[in-house]
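A.B. asks: Need the complex rebuilt from these two chains, each delivered in its own frame; the hints are there to steer you.
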Amino acid sequence: MRRMLVANYDVCTGCRICELTCSFEKEGAYNPRFARLRVVTSNDGLWSDVVVCAQCENPACLRVCPSNAIERDEEAGIVVVDPERCTACGLCAQYCHRQIIKLYPKDEGGKAYKCDLCGGRVPCVEACPTGALHLVELEEKVVLRVP
Amino acid sequence: MCYGYHERFLHVDLTSGEIGTFPPSEGLIRSYVGGRGFAAKMMWDLAAPKVDPLEPENVFMFLTGPLTGLGAPCMRSLIAFKSPLTLTYCDSYHGGFIGAEIKYAGYDGIVIYGRADSPVYLYIEDDRVEVRDAAHLWGLNTEQVYHALYKDIGGSRFEIACIGPAGENLVRFAMLDCSYHRQSGRGGGGAVMGSKNLKAIVVRGTHRLRVAEPERFQTAVRQAYADLETAPGALDFRRYATLSGIVDDSEKGILPTFNYQQASFKHAANLLGQVYEERIWLRNAACMGCSIACSKMGAIRRGKHRGTICDNVEFETTGTMGSNLGFTKAEDLQYASHLCDILGLDTMSTGVTIAFATEAYKRGILSRDDLDGIELDWGAADAVHTMIKKIAHREGIGDLLAQGVKRVSERLGGEALKIAMHTKGLETPGYETRGMPGHALGYATGDRGGDHERSYMVHYEARGALWQGRPVDSFAREGKAEIQIYTQNTTAGNDTLILCHFANEVGIETAIEMLNAATGSNLTEEDLFIVGERVWNITRLFNLREGFTRADDDLPVRVKEEPLPDPRVKGQRISQEDLDYMLDDYYRLRGWDENGVPTEEKLTALGITARSIRG
Chain A
0 MRRMLVANYD VCTGCRICEL TCSFEKEGAY NPRFARLRVV TSNDGLWSDV VVCAQCENPA
60 CLRVCPSNAI ERDEEAGIVV VDPERCTACG LCAQYCHRQI IKLYPKDEGG KAYKCDLCGG
120 RVPCVEACPT GALHLVELEE KVVLRVP
Chain B
0 MCYGYHERFL HVDLTSGEIG TFPPSEGLIR SYVGGRGFAA KMMWDLAAPK VDPLEPENVF
60 MFLTGPLTGL GAPCMRSLIA FKSPLTLTYC DSYHGGFIGA EIKYAGYDGI VIYGRADSPV
120 YLYIEDDRVE VRDAAHLWGL NTEQVYHALY KDIGGSRFEI ACIGPAGENL VRFAMLDCSY
180 HRQSGRGGGG AVMGSKNLKA IVVRGTHRLR VAEPERFQTA VRQAYADLET APGALDFRRY
240 ATLSGIVDDS EKGILPTFNY QQASFKHAAN LLGQVYEERI WLRNAACMGC SIACSKMGAI
300 RRGKHRGTIC DNVEFETTGT MGSNLGFTKA EDLQYASHLC DILGLDTMST GVTIAFATEA
360 YKRGILSRDD LDGIELDWGA ADAVHTMIKK IAHREGIGDL LAQGVKRVSE RLGGEALKIA
420 MHTKGLETPG YETRGMPGHA LGYATGDRGG DHERSYMVHY EARGALWQGR PVDSFAREGK
480 AEIQIYTQNT TAGNDTLILC HFANEVGIET AIEMLNAATG SNLTEEDLFI VGERVWNITR
540 LFNLREGFTR ADDDLPVRVK EEPLPDPRVK GQRISQEDLD YMLDDYYRLR GWDENGVPTE
600 EKLTALGITA RSIRG
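Chains A and B, in that order, are what the protein sequence lines are.
Numbering follows numbering that gives the first Met the number 0, with no gaps: position 102 of the first sequence is 101.
Numbering follows numbering that gives the first Met the number 0, with no gaps: position 411 of the second sequence is 410.
There could be a bad hint or two in this list.
Covered stretches of chain B, going by a simulated chain A footprint (3 or more residues, C-beta under 8 Å) [what the hints assert, rightly or not]:
hint: 1; segment: 272-284
hint: 2; segment: 414-428
hint: 3; segment: 442-454
Here are the simulated distance ranges between beta carbons [claimed, not checked]:
hint: 4; chain 1: A; residue 1: Arg71; chain 2: B; residue 2: His458; range: 54 to 60 Å
hint: 5; chain 1: A; residue 1: Arg62; chain 2: B; residue 2: Ser155; range: 20 to 26 Å
hint: 6; chain 1: A; residue 1: Ala75; chain 2: B; residue 2: Lys150; range: 51 to 57 Å
hint: 7; chain 1: A; residue 1: Arg71; chain 2: B; residue 2: Glu525; range: 55 to 61 Å
hint: 8; chain 1: A; residue 1: Leu45; chain 2: B; residue 2: Ile152; range: 48 to 54 Å
hint: 9; chain 1: A; residue 1: Val50; chain 2: B; residue 2: Arg544; range: 48 to 54 Å
hint: 10; chain 1: B; residue 1: Ser117; chain 2: A; residue 2: Gly108; range: 41 to 47 Å
hint: 11; chain 1: B; residue 1: Ser155; chain 2: A; residue 2: Pro65; range: 22 to 28 Å
hint: 12; chain 1: A; residue 1: Arg71; chain 2: B; residue 2: Asp44; range: 32 to 38 Å
Hints are computed from structural coordinates only; laboratory data are not their basis.
Just so it is clear, CB atoms sit at the ideal spot from N, CA and C, and this is done for glycine as well.
Okay, chain B solo, but in the shape it has when bound (with noise of 0.2 Å):
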């Protein structure tokens, strides 16, 4: 027996509607440890080259990691999917209950092809795994889901994973929310569900998972908790979830400001976890065996929307949605993100999207005609939340805002591609970058598009974070590919478990000593590494077999041309040749040839060879 894992995937094709299970590959356990490994590496084997991701041949998997469901804390699981927002290899991670539930039904994964005939939803218990009839569910927003569900379904608890209208409708950044508001939000997994005909996942399980070595994993997991107890930056987000920094941020000139025009937001204060703790929220809620508690539940009491019940705003649905969009009222911002998590919508690519919209309304590139008589504008509340719902239900303007910032600003052209913030079609996260070239470098030579989770240089480049032992220069173009190479490696490698990110607080030792003593395997801190290089490289080699190239590690016009206005950050704009500059570094340290093409000594040196690679 294998401690940690199943070894055992759940494999439903939703067309024909035969259900069955499958080892894993040789050599995935070992080389790929789990979560964003598996999705790596499943998402080269399986997947289709060039297929299109609305299509029933595309392939969406649950994945979860070797530690999901244990006594470990903070254990995540993710979604996997080639996204129908970029075209590219796309994860996208959760937290909540439902990755250990399904370690419980006894399965390392679930991959899912096809399309049914007409709404269904899975419903799992162990061996019993059934495509039911989901026709009273289609319509209905993720909070009335889950209500249905609970009310159809008796017995001892149970998870779900659900999509909203936006995902039914194909919105291509509609996001997979599961139980409770807990989301897989980047990339379009929800759309690529609704494509099947996939409403939900239901699951529950009686397998009980062993560890390897018992009395050394408690022992690791007691550490992994007296770490995160006495961390800094968890005790941060216990008290105020991820919205303690907005004024801070803004004061650096990194938060996104009227669609990146600039990088400081006047009424920041207005948007910190202060507010939303005096005003808004009720209670800490908590993941699977999270001592940190970032999630917030509470309920709006003031204004229009009084008596809603929601989740917390996050940071990053404040740097995109908040800020970005003018926002001065804490609860207007709270309704927008409750807006997106019952229609099932990404919040960050939602206000990117608003936000280019807003802007070109106001230079004129739209008109009011094109917005259905919306009067978007800065602050403009009721006019943003319109705008979200005509999104999710594709009505009217929304139809067009639903395809994502990319293919609305190349429709449109001209000037409209210049305020289109987005790179390889992924809308921008919640921090500028122009003050942060390093930070841009991930963004630009991210597998999912620009992102904040594959890698995270705002310590070194705004923060003050040393770099072994030395101060970093924030604006400095030189040094910074080495430093984004190894922060995308660890982090890949600590995805593989999936261990959340506002949990890394827990050393590596300890997170590599509960890996070890619950599997039995004996990786070191530089196994990990590796196992993190080899899924840049397997994911880098997917793309360019979608016909990804260098061209793509690109970032916005915006970013690119013109200069930020805000103090700290005058003057800063990262140029093309500033962006070459860092690429090549980049691909040279990556072992990548000029084109960003891994090679052949890199993938020998990794073990991945043509043998493996052979999609």
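So here's chain A without its partners, still in its complex pose (with noise of 0.2 Å):
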């Protein structure tokens, strides 16, 4: 079993109250930039988008973590990082397809992290005001099928 979130992009305002939240539940504290997803806004206006974690199937930051501080969490469907395990070394902030796994700062320890979805109870998603993100499961691995 997989779990992740899905943002629409088609409805998302680009306001950031998923970043809000986000960062008040896992940090206690303000600042988007501790988010453990990232909205984005063209340069143009015209579009905003919410990049999640998708809990990868094939995750870039499970396979180059040098001391296995990332593992999946079979029975909660995602990705986790073991903050104990970590050295801070950065491989997978560098590797992540969307630079969505996130390093604290070096003053700090440098540690790595990312969306654990709350154990299932998104307040990201509940925050959200258009119903642009979503908690989804996927039952079995995604096969793609040609007809």
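C.D. replies: This is the structure in structure tokens:
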């Protein structure tokens, strides 16, 4: 099983309420930079989108981690970081396709952090005023079928 | 630690290159809360009296509120300066994201003095503050500035505020544009930045903002969003931006038309939100933490300007530049508004100034030669678009019009003075006031000139809202000062937070609960009202210090002498006698003397002591 957030860019207004909510949930303080998802708006302002952790089937962060600090939690359907084992090398952030696994500032230890779906409560989804975020569950591996 | 504040302002002197920080003055937070309160007190403390606004000695500030950057909905930021247009105190607000970023960078505000030798921009990343060369940005329009800086500066997201060519060229109503097209429009802040050779500021920060009582704060924030989710006004803004009421305003006789010669426009329906929704808008866009998303990004798809990507036309732009210039096509007005956005002009002052020039031309006060051969006429969109560019670049007639209606009319003299629509030099907003004397009193007493953001009595005088449970007689002068003062003080209190006016359906109780939970303070609604009153008294002192008198609390000649022709408001005007009646009432209720000077008793009661008002 795999669970993940899905963003609908067609209704995203770029308000960043999801980022603020996430940062407060995870850091107990506000700054979107520390959110586990990221709102992006095009330079011409014509669209916004939310970059979310896909809890990848094939997670680059997990594959590159030299200290096995990143694992798949099969039961929760997510990819998690064990801060005990994380050595703050930064490879995961370097190779994440979406730069959505992040590192704390160096003076705070530089360890990795990422979206863990808040145990399924997903306050970001709840706070989104337009319904641009959804929590989905994929029961099987995603397979491309050629008809 | 003081939650909600950093208790630290960034100080930059562009002349010497000196950069530092300083703490808030004693009692600033307690007595003035933030935002507009900080602006009023700090302008009083820091602005050199009688300074020429475009000289290096003028101070220019970005200020935030205690809730800016937190999870509270719709908290904005502002710029404050002495206005080159009005020579008064001025603050001007913007949405977008830059206010939050200033807080994340670790400052409650940025205070800028001086003038750089050559064009610069200010780069702020936490404690790293650099004055950087902006030679490559000078001359660019606001969109070009964004694209150039997006390319220049890598890494994580940052926010930009900049000026266009109009600010560089010191057009007296040049504005500040924030990424992406959220503006501080009024009063000429863009010209003040231009006078400092400051093209832009770029900000990003890594501070995490904590609140005093997290759970209580979260509960209040949820309530605030719930308030907005069911509020009819907010839902209307979400669908139609500020443009659902144009036809209604026209029918009520409050929609400026043809330089305020009339107050209804027969093509008003062409400028409704519904038209833009069908033909131009593509999406809703929101400012930081806003669930309303009143901004509409779109593209002009027909006519000669097709392909232009633009932010939405606002109501005030429609009232000053749409009906007021006789525009009959949404696309034409959209393009005019867009030109102002990218060239860095306040659409409102620009619209009223061109409307003035149009009427002056039709009356023979200005000749075709004076206008460089441009055939200004009602609804002549191409001529208006050309004129906007000439103003921004100060070419030919644009150089004169760049001074604003007051200065142009004084230069022309005679009949021109009778058609100049401004108070204290600020071009009047998109509401015709002759049928709303209470609202007009707000323009007359406005501390940054005649203005719709200071107080809003349209609900009471044109839309049937009750005052203390009773209907308000639209055209009466009696009893209006009391309502005006109430709305001025509550609005100023609200602006200390700085809660967006479009989100004022967040109940005041909820707003104060958010404030108290975030900062650990214990303010009441009444306290905030008194803070608002304090703001009005200290900005009054500022303007008195600059030499303003009762005579400046005036209305345009047209409002005083020309009766309106439109059906509901037929024959209405506000005579000097009416104005004097309301001013006497207003000063008395404010605790000011008959010349509009705050009395010692009033100042003492507000805690504005001789020591705290020493300049």
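A.B. asks: So, for every hint listed, does it hold in this structure?
C.D. replies: Against the structure, the hints come out as follows:
1. 272-284: Satisfied; 4 residues make the cut.
2. 414-428: Violated: only 0 residues of the segment 414-428 of chain B have a Cβ under 8 Å from chain A.
3. 442-454: violated (count 0)
4. A/Arg71 <-> B/His458: 54 to 60 Å: Holds, at about 58 Å.
5. A/Arg62 <-> B/Ser155: 20 to 26 Å: Holds, at about 24 Å.
6. A/Ala75 <-> B/Lys150: 51 to 57 Å: 41 Å, violated
7. A/Arg71 <-> B/Glu525: 55 to 61 Å: The hint (55 to 61 Å, Cβ to Cβ) holds, given that A/Arg71 and B/Glu525 are roughly 57 Å apart.
8. A/Leu45 <-> B/Ile152: 48 to 54 Å: 22 Å, violated
9. A/Val50 <-> B/Arg544: 48 to 54 Å: 52 Å, holds
10. B/Ser117 <-> A/Gly108: 41 to 47 Å: 42 Å, holds
11. B/Ser155 <-> A/Pro65: 22 to 28 Å: 25 Å, holds
12. A/Arg71 <-> B/Asp44: 32 to 38 Å: 59 Å, violated
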